Amino acid sequence: MKIAITRLAEKGLQDKDICEAFGHEAYIVSPLEAVLDSAEIERFLSAFHEGVFDAVFFTSAYPAEKIAPEMKNNMPCRIIAIGPKTAEILERFGHHPEILPEYYSRAFVPYLKDWIAEKKIGIPRAAVKNEKLIEGISDAGGIPCEFGCYVLKPTGKTLDIKDADAILFTSAMSFKEAVLPDIRGLIRIAVGDVTADAMRDAGVVPDVVGDGSLKGTLEALNRYLSD
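If you're matching positions, the sequence shown starts at 1 in our numbering and goes up one per residue.
These aren't lab readings, by the way, just hints derived from the structure by calculation. Do not take every clue at face value.
Straight-line Cα separation of at most 16 Å, EDC-like style, residue types lysine to aspartate or glutamate; simulated pairs [said to hold, decoys possible]:
{"id": "1", "residue 1": "K2", "residue 2": "D165"}
{"id": "2", "residue 1": "K66", "residue 2": "E91"}
{"id": "3", "residue 1": "K119", "residue 2": "D193"}
{"id": "4", "residue 1": "K2", "residue 2": "E20"}
{"id": "5", "residue 1": "K176", "residue 2": "D193"}
{"id": "6", "residue 1": "K113", "residue 2": "E102"}
{"id": "7", "residue 1": "K66", "residue 2": "D37"}
{"id": "8", "residue 1": "K66", "residue 2": "E102"}
{"id": "9", "residue 1": "K176", "residue 2": "E33"}
{"id": "10", "residue 1": "K66", "residue 2": "E40"}
All figures in this text were calculated on a predicted structure; none of them were measured in a lab.
Construct the entire structure; sequences and hints are all you get.
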């Protein structure tokens, strides 16, 4: 099966191999493009190297890819990845991340429990506010420190999915900002329940909903196909 995956072009390098392992062919379609903010990245790195943070939370693979190579290893700071792909990138650059048990930002505060009280949490991410995450950290007594290290801009281009058998949306934003042709007849896949909710709100019912990771989503797809 040929799957069109909505990714930033820079984020889809490993998708082909993962999909092939599950018996599928993948190609990347990009409803968004990322524009790095070098000044904001430097601001984050300076604070990190000064030991400002008790923990750093990477909410996606893209900032890990761009920022982790510049971060000193073995700083007295917890490094937390939202999921296995983000963790893999961090490990590649010599960091030792923890992985959330559920691959969503909402799992961050419950994972840290009482430890988070009075701790400063660095969050290098897209310049899109995650109010629920920030409120959750603050309500638990933590101190959130967000850094908008890149801006996501819609490409405005209609996605080329004419050869696809399925389309996999990897985030709510990648669905909302996508310029879609007719996707009737395609298997519609959401990487997780947040993305699935965004699709349903727009009247697009997903056929498959994953666990927030690509591997888990492909497992769910194969179960769907075998039913």
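Hints, one by one, checked against the model:
1. K2 / D165: Status holds; Cα separation ~5 Å.
2. K66 / E91: Answer holds: K66 to E91 is near 13 Å, not above 16 Å.
3. K119 / D193: Given pair K119, D193 is violated - Cα atoms ~29 Å apart, limit 16 Å.
4. K2 / E20: holds, 10 Å
5. K176 / D193: holds, 15 Å
6. K113 / E102: holds, 14 Å
7. K66 / D37: Judged against 16 Å, a Cα distance of about 11 Å means the pair holds.
8. K66 / E102: Given pair K66, E102 is violated - Cα atoms ~24 Å apart, limit 16 Å.
9. K176 / E33: Roughly 14 Å separates the two Cα atoms, so the pair holds.
10. K66 / E40: Satisfied, since the Cα-Cα distance of roughly 12 Å is no more than 16 Å.
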